[in-house]
Amino acid sequence: MALDVLVASLVAGLLIGMVLALVALGLTIIFGVMDIVNFAHGEFLMVGMYTGLLVAQGARMEPLLTLPLAAMVGFVLGWLCYFLFVKFLLRGPMVAQLLGTFGLMLFLRNLALLFFGSEDRAIHHGLLVGKSISLGMGVSVPATKLAAAFLAVSAFAAVWLLINRTKVGKALQATALNAQGARYMGIPTDRMNGLAWGIGGATVTIAGALLVNFWAVNPYVGLLFTMLAFTIVALGGFGSVPGAFLAGLVVGLITEIPGIWDSLSLALDWRWMMDVPMTSFKYTWVYLAYFIIMLARPKGLFGWKR
Amino acid sequence: MEALRNALDFSDFPRTDLVVAAVVAAVLVAFPLMPYSSFAMATMIQFLMFSIYGMGWNTIGGYGGQVDLGKAQYVGIGAYTTAVMLIRWDVPFWVSMPVGMALAVGWSFVIGYPLFKLKGHYFAIATIATSLVIKDLFEVWDFVGAARGLHISPVKYPPPDFLRLIFKEDVYYYYFLLGFFFLGILIINWFRHSRLGFQLRAIRDNEDLARSLGINVHWAKIKTYALATAFVSAVGSFHAVYIKNIEPEDTMSLDISVLIALMAMLGGAGSLWGPIIGAGILIPLKSYLKEWLGAKAGLIGIDLILYAVIIMLVSAVEPKGIWGLLDRLRRAKRSR
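Chain order of the listed sequences is A and B. Here the first sequence is numbered in my numbering, starting from 1 and rising by one per residue. Here the second sequence is numbered in my numbering, starting from 1001 and rising by one per residue.
There could be a bad hint or two in this list.
DSSO-like mimics (lysine-lysine), calculated; alpha carbons at most 27 Å apart, straight line [claimed, not checked]:
| no. | chain 1 | residue 1 | chain 2 | residue 2 |
| --- | --- | --- | --- | --- |
| 1 | A | Lys-282 | A | Lys-299 |
| 2 | B | Lys-1168 | B | Lys-1290 |
| 3 | A | Lys-282 | B | Lys-1135 |
| 4 | B | Lys-1135 | B | Lys-1119 |
| 5 | A | Lys-87 | B | Lys-1119 |
| 6 | A | Lys-170 | A | Lys-87 |
| 7 | A | Lys-167 | A | Lys-87 |
| 8 | B | Lys-1156 | B | Lys-1244 |
| 9 | B | Lys-1117 | A | Lys-299 |
| 10 | A | Lys-299 | B | Lys-1119 |
| 11 | B | Lys-1223 | B | Lys-1119 |
| 12 | B | Lys-1168 | B | Lys-1244 |
Computed footprint of chain B on chain A; a stretch qualifies when at least three of its residues, placed anywhere within it, have a C-beta under 8 Å from a C-beta of chain B [stated by the list, open to error]:
| no. | stretch |
| --- | --- |
| 13 | 85–92 |
| 14 | 98–105 |
I should point out that these hints are in silico values taken from the structure, not numbers from a laboratory. Heads up, the beta-carbon is just placed ideally off N, CA and C, and yes, glycines get one too.
So here's chain A without its partners, still in its complex pose (with noise of 0.2 Å):
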């Protein structure tokens, strides 16, 4: 009775562990080539979001084929970000960086705001709506999710890919651990440092386009993406991407074990566990994973700058 709760929680934090490593790729790109922490990050998912929604929504279309026009949004977004404003960030210090990004945060929120409104907004048709894949054990799992844990794992392989395997990938690497160096060796760090935005934006879209699917979308959604991205690229080590991964995979079992206690607590039928109910605190566990580990080791599991 209990072990199939455990399961499915298990499996659950891990479908969901995959899209928010997607989401934390993108942060720890750029953080990794150009040492800034973009608070945004969260408002480029919700971008994503909205771009998924509005034109399933518009076109009446398939929701997961969106997916190719959310990563040029993002990317474009990324692009013009670093261009027109990131830039000038660079030459300030950190202070001015924090709160340039705030910034940006801010003003991506407020217009979401003004044009599309402060209520909830979720995707209800497609394809894979309703249907779910039974994973024996009586655990099932919602179609939607499944093909989201998938197409974001598709994605991740793909950009690791790009830094791994290409030339520019190569470049990009080069800019992340000597800027320097790697302006003396004849590489554009300036437009490596915009590819960094380009890419870290069209992944977290793709992000955005997936979590529409199964999560409602408003212009406040961002912070809490935001601050479990903070947590998975803290647990990953900033800069790393195969941490992100395996952080991610961490970050989403823990905001599903509040779920799992709640759920024990019930079919147990234990009062004093009854009596603090946890889902409440569902991301507060996050936070303290964020604090916790950066007493611990500072530079993540996988850190491997400074």
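Put chain B on the given structure of chain A with help from the hints.
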């Protein structure tokens, strides 16, 4: 005695600055004597509140260079202490404010100790994380009203009530806060001249060098953080009796933390007048933009869009803020 002399010593500012400061102070004192709308009064009170928040942030964020984006948790602790003590046990404001400050400062030691082992981005994000944990906790904690929050009923305590600081007219609040504002300037001025203040500036400029000079970097940061916390929590207590509706969302949200940091940043982090200049520009701008564009024209969020554009411009063009800009202009003039 030494401390008092330091607090009153403004001699390192040029004379023109002091004249301008004196004129501004006179205008602030005289403001309620002139005809004013209640909207203008509310804006002025907001300005004073955020100047004091900003002064607090400035000690650790400006002089110390530690980007703290978790100040809202102390606003919340101050506000909730005052509200809970008033509603549950009928404790007057003058008692609950120091209690709130003590609680906030105590908490700041508890989390400051681990927090200040982190640096740079890591520190900034960790301050956000702690603030969000506190907010989550208050949103489910029934004793403090959970997500509904607390409401101080002015009917139950008929105004004017000087003991509990509950008034009908905003003028009283204004003068109370103005007194605190001047006191705050004196305290920050003392801090500037104090040993701690110099230590902190050394830490900002080069932490390793500061450590090699024998400064206990960790402890200096924690002490300053506690000072900043005391400022913020005191105004948080005031927020409780002034606003009378306290919810986790509008006392502890990240927006408040950012706003506090932003005031000081815009005016000029690490200068005595910075936070005041920043709040003096941003608060009226924010509330009038909201009034004209948001409420009247029905464009929700447009005030914050313009606001965000200002943040982005300041951080990209002049990260030292308006004070830095003035400084640069002055230097250019002198060298000409």
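Outcome of the hint check:
With a C-alpha separation of about 25 Å, the suggested pairing of Lys-282(A) with Lys-299(A) holds against the 27 Å cut-off. Taken as a hint, the Lys-1168(B) and Lys-1290(B) pair is honoured in the structure, with Cα atoms around 25 Å apart against an allowance of 27 Å. Distance hint between Lys-282(A) and Lys-1135(B) is fulfilled; the C-alpha atoms sit about 13 Å from each other, no more than 27 Å. Taking the CA atoms of Lys-1135(B) and Lys-1119(B), the gap is near 23 Å; set against the 27 Å cutoff, the hint holds.
Between the alpha carbons of Lys-87(A) and Lys-1119(B) the distance comes to roughly 23 Å, so the proposed pair stays at or under 27 Å and holds. Of the pairs offered as hints, the one joining Lys-170(A) and Lys-87(A) holds, with about 22 Å between alpha carbons and a cut-off of 27 Å not exceeded. A C-alpha spacing of about 23 Å is found between Lys-167(A) and Lys-87(A), which places the hinted pair at or below 27 Å, so the restraint holds. Note on Lys-1156(B) and Lys-1244(B): the hinted pairing holds, with a Cα-Cα distance of about 12 Å set against a maximum of 27 Å.
Under the criterion of a C-alpha separation no larger than 27 Å, the hint pairing Lys-1117(B) with Lys-299(A) is consistent with the structure, at around 13 Å. Taken as a hint, the Lys-299(A) and Lys-1119(B) pair is honoured in the structure, with Cα atoms around 12 Å apart against an allowance of 27 Å. With a C-alpha separation of about 17 Å, the suggested pairing of Lys-1223(B) with Lys-1119(B) holds against the 27 Å cut-off. For the hint linking Lys-1168(B) to Lys-1244(B), the alpha-carbon distance of about 12 Å falls within 27 Å, and the restraint holds.
Restraint check on the stretch 85–92 of chain A versus chain B: 4 residues with Cβ-Cβ distances below 8 Å, three needed, restraint holds. Figure legend: the stretch 98–105 of chain A, annotated as covered by chain B; annotation consistent (7 residues with Cβ-Cβ distances under 8 Å, at least 3 required).
Hint violations for this structure: none, all hints satisfied.
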